[in-house]
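Let's have the full structure, built from the sequences with the hints guiding it.
Spelled out, the chains give:
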Amino acid sequence: MPENGASAKAAPAKAAPAGSGLAAAQETKRQRTRMIIRAVGMLPVLLLLCIGFHVLSDGRFFTGQNIGIVVQQSAVNTVLAAGMTFVILTGGIDLSVGSILAASAMAGLIISKFPDLGALWLPVAVLTGAVFGILNGALIALLRLPPFIVTLGSLTAVRGAARLLGADTTVFNPSIPYAFIGNGALTLIPGVVSIPWLWVIALLVILVSWLVLKRTVLGVHIYAVGGNESAARLAGIKVWAVLIFVYGVSGLLAGLGGAMQAARLYAANGLQLGQSYELDAITAVILGGTSFVGGIGSIWGTLVGALIIAVLSNGLILIGVSDVWQYVIKGLVIIGAVALDRYRLQGSART
Amino acid sequence: MSEPILEMRRVSKSFFSIKALRDVDLTVYPGEIHALMGENGAGKSTLMKILSGAYRPDPGSEIRIDGQPVQINGPHGGRAAGIAIIYQELSLAPNLSVAENIYLGREVSRGGLLAREAMQAGVGPILARLGADFTPQTLVANLSMGQRQLVEIARALHARSRILIMDEPTTALSAGESERLFALIRQLRAEGLAIIYISHRMDEVYALGDRVTVLRDGTLVGSLDKGEIRADAIVRMMVGRDVSSFYKKDHDPQARPGAPVLAAVDIGDGRRVKGCSLTVHAGEVVGLAGLIGAGRTELAHLIIGAAPMTSGHVEIEGRTILIRTPGEALDAGIAYLTEDRKALGLFLDMSCLDNINLAVLGRDAKFGGILDRDKARERAKRAFAGLGIRAANVGVPAGGLSGGNQQKVLLSRLLAIGPKILILDEPTRGVDVGAKSEIYSIIDNLAKAGTAVLVISSDLPEIIGICDRVIVMRAGHIAGQMRRGATPLSQEEIMALATGTEQLDA
Chain A
1 MPENGASAKA
11 APAKAAPAGS
21 GLAAAQETKR
31 QRTRMIIRAV
41 GMLPVLLLLC
51 IGFHVLSDGR
61 FFTGQNIGIV
71 VQQSAVNTVL
81 AAGMTFVILT
91 GGIDLSVGSI
101 LAASAMAGLI
111 ISKFPDLGAL
121 WLPVAVLTGA
131 VFGILNGALI
141 ALLRLPPFIV
151 TLGSLTAVRG
161 AARLLGADTT
171 VFNPSIPYAF
181 IGNGALTLIP
191 GVVSIPWLWV
201 IALLVILVSW
211 LVLKRTVLGV
221 HIYAVGGNES
231 AARLAGIKVW
241 AVLIFVYGVS
251 GLLAGLGGAM
261 QAARLYAANG
271 LQLGQSYELD
281 AITAVILGGT
291 SFVGGIGSIW
301 GTLVGALIIA
311 VLSNGLILIG
321 VSDVWQYVIK
331 GLVIIGAVAL
341 DRYRLQGSAR
351 T
Chain B
1 MSEPILEMRR
11 VSKSFFSIKA
21 LRDVDLTVYP
31 GEIHALMGEN
41 GAGKSTLMKI
51 LSGAYRPDPG
61 SEIRIDGQPV
71 QINGPHGGRA
81 AGIAIIYQEL
91 SLAPNLSVAE
101 NIYLGREVSR
111 GGLLAREAMQ
121 AGVGPILARL
131 GADFTPQTLV
141 ANLSMGQRQL
151 VEIARALHAR
161 SRILIMDEPT
171 TALSAGESER
181 LFALIRQLRA
191 EGLAIIYISH
201 RMDEVYALGD
211 RVTVLRDGTL
221 VGSLDKGEIR
231 ADAIVRMMVG
241 RDVSSFYKKD
251 HDPQARPGAP
261 VLAAVDIGDG
271 RRVKGCSLTV
281 HAGEVVGLAG
291 LIGAGRTELA
301 HLIIGAAPMT
311 SGHVEIEGRT
321 ILIRTPGEAL
331 DAGIAYLTED
341 RKALGLFLDM
351 SCLDNINLAV
361 LGRDAKFGGI
371 LDRDKARERA
381 KRAFAGLGIR
391 AANVGVPAGG
401 LSGGNQQKVL
411 LSRLLAIGPK
421 ILILDEPTRG
431 VDVGAKSEIY
441 SIIDNLAKAG
451 TAVLVISSDL
461 PEIIGICDRV
471 IVMRAGHIAG
481 QMRRGATPLS
491 QEEIMALATG
501 TEQLDA
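Chains as they are written, first to last, in my numbering: chain A, 1 to 351; chain B, 1 to 506.
Please keep in mind that the hints were generated in silico from the structure rather than gathered at the bench. Treat the hints with care, since some could be wrong.
[What the hints assert, rightly or not] Anything over 10 Å on all C-beta distances counts as not near chain A; from chain B, calculated:
(1) 3
(2) 74
(3) 122
(4) 382
(5) 448
[As the list claims (entries may be wrong)] Taking lysine-lysine and the DSSO-like style, the derived pairs with C-alpha atoms no more than 27 Å apart in a straight line are:
(6) 448(B) - 249(B)
(7) 366(B) - 381(B)
(8) 214(A) - 381(B)
(9) 238(A) - 366(B)
(10) 249(B) - 214(A)
Backbone N, C-alpha and C define an ideal beta-carbon position, used for all residues, glycine too.
Set out below in structure tokens:
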């Protein structure tokens, strides 16, 4: 940190009060610009993508029906990415969300087939996710194991559990309760504007996440743990509790994602459901400007990131790019996003 | 007198609009130990970084070596000009051997393969000349701090450097190692090298310095020749005012003795701290002195539960209290200011507001967890006004502030708690003179208000200036303590206790 150190040392209180005041003002201005860039982040990219696809697809992008498809497709990933934001803000990672999603959906569908318990399937799915998430968190926080390793392990183990739950078959339930959340829409103006329930849930998740992160003590503690874990511990923050909470939230939201998928498909398969969803969720978070090392980022960025991924998938299909090339392009976007993260970190106070 | 080896004329360096150095002149002769002194932030490091090529001076600055004007560009420029820096934090790779470290970046190879034996043979004579008691094959990880410093010096000599810059070289050394280093430095002087010696320790400057140059606020205050070197003169040059007004101590626990608040009884961790006991009373400022590595920070960490205690216990206001985490220490009324504010204290990316309020967010929160943002903003603004924190507003990230202002932000966090006991670990390290004096008066006011304050410091004048009582640690033990009486505390006595020698012979 040559620059910072030098300017810090070079500001003796008495030497040049006017000069250091001016420099401080300049520094603030630069920081403010940096914060604006960070906050607006990828929003212009999202808008450019939308407009670009609209033009390239001869006006088929901005249609009510297509937008409906885009938001519906982004909903589950948005929910997973919200949980992932909590985790990555603490400097961790959760690779197991796809598997947890599958296991939760399986658990939910199985319960939904019991005549008396059927209506309980939704809370069961969410709780299943939360339990797996808390297990992840406990291993990371209490045994001090690296998050990458722990969740890599549960990525595999929970996938196995998901297959085990349905005896490795697909579980169907055409009459699953609350099916409307998967396929119905909330009508705002009859016949004109309606929002898919999946999207309503996703937006609610984002809103609640924002409240927790920005308006509660816990939120500040999450940022503090990600910004400087040792300092957080010395400041009296219960780091272990914060870690268990964030992995618990990530698991819980993966469970909710599982419920959303189950309601949409009326079915779940322990082997296929949620495969590599963790990658889309991580991509959304990083695209949204949350730093991989923790401590910096916002939930709104994550929403934008998730929308970029959905728009990219949808748009590439609209303009007829082959399936094979879609993979290549999306992969390059992930790398580009991390490169962006590095670039952004260079301007940060921490080096 | 011989021709100067190094002349710096009107050297200035600006960072944006701040002048870190302003028209500084420095002349160094071969065979001279030139001590460079000044408070933190006075510009010593900037000056040295210009010499090493890390910074480029402003136009109009002139550097001559052997009378020839030179441009020093990048680290290779410094090396090419014959300048070597021995850094405070040693820059050796511990996983490599001594020879490999000395040849680092200039490895000898034959046909693309490392010529290990040639390198070892090349290093041998230099190590012998320095009187090293290790071989070129030794892994640096197995060397003591003093031996590592020798490797650094060997590296400089191997590069045929003629100007050696040593930045606080004894910080991490034991007394014996320091003595051996001094002998070596004198030997190098006799061999005709020029040595620029940066130190805060007056005794070292007495012992070694042929000349002393003092910087303050980026400008040259002046130089003293050997015969003129006197502590009070140097301090006055460094501080720019009389020292007596610099340290503030109005509180007087002897006039109004307080009850014992913090007592550590026979505590230890089985490694760095061995059976230490100490007591701090309400309204008293107690200094904890000792050399680096004596176990002072470790002792503080035991008290606040940041490290596990293997023996002893802590009493607060006479009651034994079990403290297992820093959070529990806060609950018990003990706040701790870390010595390493960047790594262990501040959240550099977070706003000053959040940094200041962090420890009391829970206490202020509404409905058991919703932030009270008005209260937080109010508190941060009061801290800015009360402690004179200079930043554009409370919302800027703490990382952008100067060292002194960062320290005040961290201190505000602790003061917000309203602790009964405040443990300050090197409270003025890396802080400029103005902020230093402000921090002293904050400590003084806290003591007046009845807080028990324990100050860990390596800065002896500071300890003597602000403390009522000094406890000295040596090698994990309490070596002794002394009370401020009619006569001020003596720096020599503290050093004698800290080093275990009767008297430091210069």
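Here is how each hint holds up against the structure:
1. 3: holds (32 Å)
2. 74: holds (13 Å)
3. 122: holds (32 Å)
4. 382: Fine: 19 Å to the nearest Cβ keeps residue 382(B) off the interface.
5. 448: holds (24 Å)
6. 448(B) - 249(B): Distance ~10 Å between residue 448(B) and residue 249(B) Cα, so the pair holds.
7. 366(B) - 381(B): Judged against 27 Å, a Cα distance of about 20 Å means the pair holds.
8. 214(A) - 381(B): holds (20 Å)
9. 238(A) - 366(B): Holds, at roughly 19 Å.
10. 249(B) - 214(A): violated (42 Å)
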